[in-house]
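Between the sequences and the hints, there should be enough to build the whole structure, so can you do that?
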Amino acid sequence: MIESNIQKIIRKEILTITNKTKSPHIASNLSIVDILVVIYKYFVKKNNKNKFILSKGHACLSLYCVLHFFNYFSKKTLYTFSKNKSKLMSHASHKVPGVIFSTGSLGHGLPFAAGKAYVNKKDNIYCLISDGEINEGSNWEALMFIGHHKLNNIKIILDYNKIQSLDFVKNVIDLEPLKKKLNSFGFYVSKIDGHNYKLLKSVIGKKTNKPHFIITDTIKGKGVKFMENSVLWHYKPPDNDQLNKAIKKL
Amino acid sequence: MRKKFIEIIYNKMKTNKKIFLIVGDLGFNLVEPIYKSYPKNFLNVGIAEQNMAGIAAGIASEGYHVFIYSIANFPTFRCAEQIRNDIDYHNLNVTIVSAGAGLSYGSLGYSHHALQDYALMRSFPNMEIISPGDDNELQDGLSYSFKNPGPKYLRLEKDNKKIFNYKWKKKYKFGGLRNIKFKSINKAIITTGPCIQKAVDLSNKKKFKEFSIYSLPIWSMKSKKKIKKQISKFKKILTIENHLEDGGFSSWMREVNGANTNIQISSMSLSSKVIGKVGSQDFLENQYYKIR
Numbered sequence: 000m001i002e003s004n005i006q007k008i009i010r011k012e013i014l015t016i017t018n019k020t021k022s023p024h025i026a027s028n029l030s031i032v033d034i035l036v037v038i039y040k041y042f043v044k045k046n047n048k049n050k051f052i053l054s055k056g057h058a059c060l061s062l063y064c065v066l067h068f069f070n071y072f073s074k075k076t077l078y079t080f081s082k083n084k085s086k087l088m089s090h091a092s093h094k095v096p097g098v099i100f101s102t103g104s105l106g107h108g109l110p111f112a113a114g115k116a117y118v119n120k121k122d123n124i125y126c127l128i129s130d131g132e133i134n135e136g137s138n139w140e141a142l143m144f145i146g147h148h149k150l151n152n153i154k155i156i157l158d159y160n161k162i163q164s165l166d167f168v169k170n171v172i173d174l175e176p177l178k179k180k181l182n183s184f185g186f187y188v189s190k191i192d193g194h195n196y197k198l199l200k201s202v203i204g205k206k207t208n209k210p211h212f213i214i215t216d217t218i219k220g221k222g223v224k225f226m227e228n229s230v231l232w233h234y235k236p237p238d239n240d241q242l243n244k245a246i247k248k249l
Numbered sequence: 000m001r002k003k004f005i006e007i008i009y010n011k012m013k014t015n016k017k018i019f020l021i022v023g024d025l026g027f028n029l030v031e032p033i034y035k036s037y038p039k040n041f042l043n044v045g046i047a048e049q050n051m052a053g054i055a056a057g058i059a060s061e062g063y064h065v066f067i068y069s070i071a072n073f074p075t076f077r078c079a080e081q082i083r084n085d086i087d088y089h090n091l092n093v094t095i096v097s098a099g100a101g102l103s104y105g106s107l108g109y110s111h112h113a114l115q116d117y118a119l120m121r122s123f124p125n126m127e128i129i130s131p132g133d134d135n136e137l138q139d140g141l142s143y144s145f146k147n148p149g150p151k152y153l154r155l156e157k158d159n160k161k162i163f164n165y166k167w168k169k170k171y172k173f174g175g176l177r178n179i180k181f182k183s184i185n186k187a188i189i190t191t192g193p194c195i196q197k198a199v200d201l202s203n204k205k206k207f208k209e210f211s212i213y214s215l216p217i218w219s220m221k222s223k224k225k226i227k228k229q230i231s232k233f234k235k236i237l238t239i240e241n242h243l244e245d246g247g248f249s250s251w252m253r254e255v256n257g258a259n260t261n262i263q264i265s266s267m268s269l270s271s272k273v274i275g276k277v278g279s280q281d282f283l284e285n286q287y288y289k290i291r
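Which chain is which? The protein sequence lines are V and C, in order. Position 123 of the first sequence, counted from 1, bears residue number 122 in numbering that gives the first Met the number 0, the numbering being contiguous throughout. Position 6 of the second sequence, counted from 1, bears residue number 5 in numbering that gives the first Met the number 0, the numbering being contiguous throughout.
No lab work stands behind these hints, which were simulated from the structure alone. The beta carbon of each residue, even a glycine, is placed where N, CA and C say it ideally should be. Fair warning: there could be bad hints in the mix.
[Said to hold, decoys possible] Derived lysine-lysine pairs resembling BS3-like cross-links, with alpha carbons at most 25 Å apart:
(1) C:Lys16 <-> V:Lys149
(2) C:Lys289 <-> C:Lys272
(3) C:Lys221 <-> V:Lys86
(4) V:Lys120 <-> C:Lys17
(5) V:Lys149 <-> C:Lys35
(6) V:Lys121 <-> C:Lys289
(7) V:Lys45 <-> V:Lys75
(8) V:Lys120 <-> C:Lys39
(9) V:Lys48 <-> C:Lys17
[Claimed, not checked] Chain V is nowhere near these chain C residues, computed Cβ spacing over 10 Å in every case:
(10) Asn84
(11) Asn203
(12) Lys234
(13) Gln263
(14) Ser270
[Stated by the list, open to error] Here's a subset of chain C near chain V, in silico, CB distances under 7 Å, partners left out:
(15) Ala47
(16) Gln49
(17) Asn50
(18) Gly53
(19) Ile54
(20) Gly57
(21) Ile58
(22) Glu61
(23) Ala79
(24) Glu80
(25) Asp85
Following this line, the structure appears as structure tokens:
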């Protein structure tokens with residue numbers, strides 16, 4: 000199945016489950032769907048040893064939906080999301096098949112990925128972080144470490160949707176000039192459209208001598224016009240009318 | 000004790016390629032033999048404890064037994080959430096090594112005094128505290144950690160402590176109360192960490208002359224049931240620790256005892272008044288130990 004069809008299924012699933020469970024973070028989930036589809040279609044597979052770590056654990060529903068699509072677990076399991084006794088807690092959990100590391104507190108994914116990449120240079124590690132998350136100092140500790148040790152088997156993908164929990168990133172702690180900062184830390188930095196499958200595939204797959212940091216420009220709430228680029232949808236789940244409206248326009 | 004720790008790890012690395020030591024830019028004149036002989040199993044991650052704990056979790060997830068080494072509060076409080084989420088909740092084989100138990104670094108001040116670390120570490124469900132009283136207990140504690148993978152907190156006195164032999168090895172199985180000196184069946188001083196000498200000194204005093212002395216170098220949330228059985232024979236217990244009473248070993252012992260009123264527990268521990276005071280380890284310990 001081509002990526003544009005897969006993303007529709009995933010986005011519909013995310014909207015439906017968020018509506019049912021009244022969960023927050025819908026826009027953060029929609030922002031990374033296309034990246035996850037590309038990673039699991041081309042790079043992290045059941046028959047290879049590459050690993051993926053979702054450091055922005057609050058967007059785990061998107062990951063769970065993608066893992067379900069690629070047959071890591073059943074639809075029945077997916078629809079237990081956030082319910083009593085479910086393994087699918089609302090932040091990424093390593094109790095879920097296909098998830099190797101639990102996250103939820105920001106700034107934990109990158110150091111863990113760095114440790115794995117340091118001792119296992121044969122396999123690739125893909126670590127997806129958020130823009131607001133970069134405020135956490137532990138990321139900068141890890142970035143210095145990864146740059147110093149030239150760990151080019153780690154691919155850091157930044158979901159740069161420009162909105163964090165309370166406000167736009169530039170109003171909270173401006174990250175710019177981000178590319179320059181990362182270059183100076185010893186990274187090969189790419190900046191691409193995070194919703195373009197061809198670009199995502201070719202850039203994530205690029206072999207680099209330096210560790211690769213991929214800034215993906217994304218739209219928070221991508222795919223549902225009335226959710227796009229709004230702080231509100233970091234929190235709000237869609238009601239039934241909004242759900243129907245959103246699904247029709249996918 | 001730090002030297003002995005490095006010596007044991009060094010010897011273990013000769014046969015086990017999955018032992019990994021990470022330091023937070025500390026260990027001068029101590030860790031050199033390891034990075035010279037086993038550079039692939041050694042990392043200095045710099046002064047970055049959060050990163051150190053996260054990296055340790057990552058390396059442990061690749062099948063290693065990882066030791067992270069730093070002073071007192073740096074490998075514990077500075078990265079408490081990484082220990083909780085990344086190491087303990089993932090039940091990974093990481094031993095957090097804190098050099099400088101209690102007031103070991105006396106004159107360096109409160110940034111270097113480990114007074115609340117038991118409180119933090121014993122609140123994690125998979126974590127086992129290994130707090131050796133001498134080099135024998137350190138050797139046994141490390142052997143225990145090699146045989147029983149999982150999160151451990153190894154708390155080391157900076158300098159060497161007297162070794163207490165008392166031919167205890169025959170009867171003793173690591174993990175329970177280790178008898179140092181037997182005097183009576185139902186009265187006991189129970190120490191953890193480098194406090195055995197304090198117990199010996201106390202037992203020479205009139206008030207405690209009937210008290211037997213035990214050391215408990217390994218304890219945790221998991222071992223409460225086992226220790227409850229072992230202390231059931233006592234009527235009076237005095238615990239000794241180089242830590243604050245609140246959240247420490249004595250608090251743990253009282254939780255172990257639960258609602259049992261047959262045992263009277265008192266504690267000898269450090270007073271919070273020591274915080275901010277200046278002096279050598281001996282000076283501070285003489286001034287700020289309190290029996291309650």
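Practice task
Return the numbers of the hints above that this structure violates; sort them in rising order.
Solution key: 6, 10, 23
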